[in-house]
Amino acid sequence: MTDQQTAIEIRSLYKIFGSNPKAWVEQVRNGMSKAELAEKHSHILGLNDISISMPASKIQVIMGLSGSGKSTLIRHINRLIEPTSGAITIGGRDVLAMTEAEQREFRRSGTAMVFQRFALLPHRSVLDNVTFGLEVRGVGAAKARDAAMRWIERVGLKGFENRYPTELSGGMQQRVGLARALSNDTAILLMDEAYSALDPLIRTDMQTMLLELQKELKKTIVFITHDLDEALRLGDGIVILRDGSIIQQGSGQDILLRPADDYIRRFVQDVNRGRFIKVDSLMEPVTAAPDDSLPRFASGMALEDAVKRFSGSDSPAGLVVDDTGKPMGQVTLRRIMEAL
Amino acid sequence: MDWLFTFPQIDPAHLLSVKRFIDGSLKALTRSYGTAIEDFFYPLQRVLIFFEKMMTGAPWLVVIAVMAGFAWLASRRWQVAVGVIVTLAMIGLLGLWKDAMTTISLVFTATIFSIAIGIPLGIAMNRYSRVGKAMQAILDVMQTMPPFVYLIPVVMLLGIGRVPGFIAVVIYSVPPIIRLTDLGIRLVDKEVLEAADAFGCSSSQKLWKVQMPLAIPTIMAGINQTIMMALGMVVIASMIGVQGLGLNVLQAIANQYFTQGIFSGFAIVGIAIIFDRTSQAYGNRLQKHRGASHD
Ligand SMILES: Nc1ncnc2c1ncn2[C@@H]1O[C@H](COP(=O)(O)OP(=O)(O)OP(=O)(O)O)[C@@H](O)[C@H]1O
Ligand SMILES: [Mg+2]
Numbered sequence: 000m001t002d003q004q005t006a007i008e009i010r011s012l013y014k015i016f017g018s019n020p021k022a023w024v025e026q027v028r029n030g031m032s033k034a035e036l037a038e039k040h041s042h043i044l045g046l047n048d049i050s051i052s053m054p055a056s057k058i059q060v061i062m063g064l065s066g067s068g069k070s071t072l073i074r075h076i077n078r079l080i081e082p083t084s085g086a087i088t089i090g091g092r093d094v095l096a097m098t099e100a101e102q103r104e105f106r107r108s109g110t111a112m113v114f115q116r117f118a119l120l121p122h123r124s125v126l127d128n129v130t131f132g133l134e135v136r137g138v139g140a141a142k143a144r145d146a147a148m149r150w151i152e153r154v155g156l157k158g159f160e161n162r163y164p165t166e167l168s169g170g171m172q173q174r175v176g177l178a179r180a181l182s183n184d185t186a187i188l189l190m191d192e193a194y195s196a197l198d199p200l201i202r203t204d205m206q207t208m209l210l211e212l213q214k215e216l217k218k219t220i221v222f223i224t225h226d227l228d229e230a231l232r233l234g235d236g237i238v239i240l241r242d243g244s245i246i247q248q249g250s251g252q253d254i255l256l257r258p259a260d261d262y263i264r265r266f267v268q269d270v271n272r273g274r275f276i277k278v279d280s281l282m283e284p285v286t287a288a289p290d291d292s293l294p295r296f297a298s299g300m301a302l303e304d305a306v307k308r309f310s311g312s313d314s315p316a317g318l319v320v321d322d323t324g325k326p327m328g329q330v331t332l333r334r335i336m337e338a339l
Numbered sequence: 000m001d002w003l004f005t006f007p008q009i010d011p012a013h014l015l016s017v018k019r020f021i022d023g024s025l026k027a028l029t030r031s032y033g034t035a036i037e038d039f040f041y042p043l044q045r046v047l048i049f050f051e052k053m054m055t056g057a058p059w060l061v062v063i064a065v066m067a068g069f070a071w072l073a074s075r076r077w078q079v080a081v082g083v084i085v086t087l088a089m090i091g092l093l094g095l096w097k098d099a100m101t102t103i104s105l106v107f108t109a110t111i112f113s114i115a116i117g118i119p120l121g122i123a124m125n126r127y128s129r130v131g132k133a134m135q136a137i138l139d140v141m142q143t144m145p146p147f148v149y150l151i152p153v154v155m156l157l158g159i160g161r162v163p164g165f166i167a168v169v170i171y172s173v174p175p176i177i178r179l180t181d182l183g184i185r186l187v188d189k190e191v192l193e194a195a196d197a198f199g200c201s202s203s204q205k206l207w208k209v210q211m212p213l214a215i216p217t218i219m220a221g222i223n224q225t226i227m228m229a230l231g232m233v234v235i236a237s238m239i240g241v242q243g244l245g246l247n248v249l250q251a252i253a254n255q256y257f258t259q260g261i262f263s264g265f266a267i268v269g270i271a272i273i274f275d276r277t278s279q280a281y282g283n284r285l286q287k288h289r290g291a292s293h294d
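Chains as they are written, first to last, in numbering that gives the first Met the number 0: chain A, 0 to 339; chain B, 0 to 294.
What the hints contain is simulated information worked out from the structure, not anything from laboratory work.
Heads up, some of the hints might be wrong.
[Stated by the list, open to error] With a straight-line cut-off of 30 Å between C-alpha atoms, the simulated DSBU-like cross-links for lysine-lysine are:
1) A:Lys-21 x A:Lys-142
2) A:Lys-33 x A:Lys-142
3) A:Lys-157 x B:Lys-97
4) B:Lys-132 x B:Lys-97
5) A:Lys-33 x A:Lys-214
6) A:Lys-21 x A:Lys-33
7) A:Lys-33 x B:Lys-189
8) A:Lys-214 x A:Lys-57
9) B:Lys-97 x B:Lys-52
10) B:Lys-287 x B:Lys-205
11) B:Lys-52 x B:Lys-132
12) A:Lys-214 x A:Lys-157
13) A:Lys-142 x B:Lys-205
14) A:Lys-21 x B:Lys-189
15) A:Lys-217 x A:Lys-325
16) A:Lys-157 x A:Lys-217
17) B:Lys-287 x A:Lys-142
18) B:Lys-205 x A:Lys-157
[Stated by the list, open to error] Computed spacing ranges between beta-carbons, pair by pair:
19) B:Arg-284 x A:Leu-200: 56 to 62 Å
20) B:Phe-39 x A:Ser-108: 48 to 54 Å
21) B:Ser-201 x A:Glu-337: 55 to 61 Å
22) B:Arg-126 x A:Lys-39: 35 to 41 Å
23) A:Ala-37 x B:Val-140: 41 to 47 Å
24) A:Leu-95 x B:Val-140: 44 to 50 Å
25) A:Gly-137 x B:Ile-272: 54 to 60 Å
Think of the CB as a built atom: it goes at the ideal place given N, C-alpha and C, for glycine as much as any other residue.
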C-alpha cells in the first residue's frame, strides 16, 4: 500500500455515552464540560472535539491518564465504537460510510489490533492463535501456517508454537498477540496499552522489538500508553488526552520543551530529559567560526551524550552535523543546561 | 362466618364444564389425529427400538468393553474405566443386566436428543434477547413443575409406551442444557470477543470459532445435569410404559419387594455414577488449557 492509502485523518470527533447521545453534542460543542454532562444529564463524555492527522508509516502515540478516552479513541479507527459525530478517513476512505460487509473486510485486511490483556484464544495453541486472523479471512491452512510460523519466529517464540497461552508468561503472551496482529499483514496496527501489563524490563525489550520491526515494516501504528518514557521512545508524534479532549499534540521534543499546561508539565517533570531531548531541538544558526576544535554532535544525539563531549573541551558551543558531516547549526552548553 | 373458612371458589359446576371441555377437546384431537400423531412419531419409535435392541442384544462382554473404552477415551484415566467395568459386572451379577441395558439405551438416546434440541435453543436464547426472555420464563416453569404432570398430556396424546415415556424424559431433562449453553456463551471473556470483532469475524465465525469452543466446558456441565435428570425421570416414566430398572422399582413399590427395589435403585445409582464421572472427566480434560479464560 502506498503512504497515501494509510494515513489516518480524524476530524472533530465526538463520542458521548448514554441513552440519547446525539442530543448533547451541540451543548458539548458550545462548551459543556464532562463533569456537567455527567452530573446534570447522566451522559458520559468520551471524546470531545478530537482532530488528529496521523501520517502514514509512523508511530502515533496517544497518551493520557486512566479514563481520558484513549481506548475509546483507538476503537473508532476500526469502528469497534461508533462516533456520535465527526469524520474519520483512512487513506482518503471514509470509514463511517462503510457498509457492514465493507467494514468487516476492512478489519480483516486493513487493520490489526493488539490488546492490553492480550485477548488470546485460550483454547487454541500459539500457532492457532497466530493463524486466527488469516483463518477468518479465509486464507488456506497451509499458507496461514507458513505465515504464522514466520511471525512466531520473528517475535522470538520459535519452539513454543504448540503451547497454550496459559502456559506462557505475560511477555510471551503479548508476543503471541503481536504475532497474531502482524501475520495479518495490514498497513495499520492498533496497540491499546499493549505493553502496560508487562514488567519494566520485558516492556523495554518489547519496545525495542517494535522499533526494529517498524524500521522494516513501516506500518501506520497507533500506540496507546500512559507512560511518558514509552511515548517518547516510540512516538514519532504524541497526542495527550485529558477528559476526552486533546491538550497537546506534537513531537516528543515539543512536549518536553514546550509543555502546553501544568497538567503536561507534571507529566514531563519526572522524565529523564537528558536521554530524550535531542541536540537538534536546541539548535541555533551557526555564529561561532566553524573551527575544527569545536565538539561535533551527530544529528539526533541525546543531550546526555552531548554533555559528555563538552567535558572534553573548553568550548562553550558545539556543531550539530548531519550524516555527511556538514554543519546544520550550533548548540551551546548553556542552552543544554537550561533544557535539562 | 362460614365464608371465611371456605374459599369463595368458582362455582364447581362451571369448573367442571371447563375441565370437561378442555379434556374433551384433547381427547377429540387424539381421536381424529391419533394415527397421524403416531405416524409422525413412528421414525422415533424405530430409533428407540434400534438402540434398545442394540444394547440388550449385544454380547455382554462387548457391551462392557465398549463402555469401558468409551469412558477411557473421554477421561484418559484408567480408574474411570475400571469403575465402569466393576459397576456393570455387579449389575449383571444381580440379574439386572437386561433392565439396565434398556435403561442405559433410553438415557443415552434421551441425552442425544436433548443435546440436539438444547444446544440450538441455548444459542437462540443467547442471540435473540426476546427469545431469551420467553425461554427463561418457560424454563422456570418447566423446572418447577412436578415431573408427574408432564406425563398427563403425553399420555393423552400418545398413550402408553416407549415413545411417550421417551418424550417425557426429554422434556424433563432438556432445561439444564439450554440454560448452560446460554450461560456458557455469556461467560466468554469480553476482551476475547472484542478481539474477534477486531479481526473481522462475521457473527457465525465468532460463534463457532470463539464462543462455542469457549462455552464447551459449561455446556458439558449442562450435559452432565441432563443425564442425571434423565436417569431420575426413568423411574417416573416407567408409570407410562417405559421398561427397565424404573419398572422394577415401580413393581417393588406396588408389591413391597424391598430387596428388588433396593437392588434396582443401586443399579440406577451405579449407572448415574458411570455417566457422571465419564462426562465430568471429559469436561475437565477440555478445561485443561483454559484456566485464564473466565477471570
Ligand atoms: N461503554 C461505555 N459506556 C459508558 N461510558 C464509557 C464506556 N466506555 C468508556 N466509557 C467512559 O469513557 C471514558 C473514557 O474511557 P476509556 O476506556 O476510553 O479510557 P482510557 O483512557 O482507555 O482509560 P484506561 O487507561 O483506564 O484504559 C471514561 O470516563 C469511561 O468511563
Ligand atoms: Mg483503555
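Next pair to validate is Lys-33 of chain A with Lys-189 of chain B; report whether the Cα-Cα distance is within 30 Å.
27 Å, holds
Given hint Lys-142 of chain A paired with Lys-287 of chain B - CA-CA distance at most 30 Å
At roughly 29 Å apart (the allowed maximum being 30 Å), Lys-142 of chain A and Lys-287 of chain B satisfy the hint.
Measure nothing beyond the straight line between the CA atoms of Lys-33 of chain A and Lys-214 of chain A; if it is 30 Å or shorter, mark the hint as holding.
40 Å, violated
Does Lys-97 of chain B lie within 30 Å of Lys-157 of chain A when you go C-alpha to C-alpha?
Cα-Cα ~56 Å, so violated.
Given the hint of 44 to 50 Å, check if Leu-95 of chain A and Val-140 of chain B actually sit that far apart at their C-beta atoms.
Taking Cβ atoms as reference, Leu-95 of chain A and Val-140 of chain B lie about 46 Å apart, which means the hint holds.
Could you say whether the range 55 to 61 Å given as a hint is met by the Cβ separation of Ser-201 of chain B and Glu-337 of chain A?
58 Å, holds
Status of the given 35 to 41 Å range, CB of Lys-39 of chain A versus CB of Arg-126 of chain B
37 Å, holds
Ser-108 of chain A and Phe-39 of chain B - C-beta distance against the hinted 48 to 54 Å
Once the Cβ atoms are compared, 50 Å apart, the range 48 to 54 Å for Ser-108 of chain A and Phe-39 of chain B holds.
Would the hint linking Lys-157 of chain A and Lys-217 of chain A be met if the CA-CA limit is 30 Å?
24 Å, holds
Holds or violated: are the alpha carbons of Lys-214 of chain A and Lys-57 of chain A at most 30 Å from each other?
Satisfied, since the Cα-Cα distance of roughly 10 Å is no more than 30 Å.
Is the straight-line distance between the alpha-carbon of Lys-205 of chain B and that of Lys-157 of chain A 30 Å or less?
The given pair, whose Cα atoms are some 28 Å apart, holds under the 30 Å limit.
Cβ-Cβ distance between Arg-284 of chain B and Leu-200 of chain A: within 56 to 62 Å?
Because 36 Å falls outside the window, the suggested range is violated.
In this structure, the earlier hints numbered 1, 2, 3, 4, 5, 11, 19 and 25 are contradicted, and the remaining ones agree with it.
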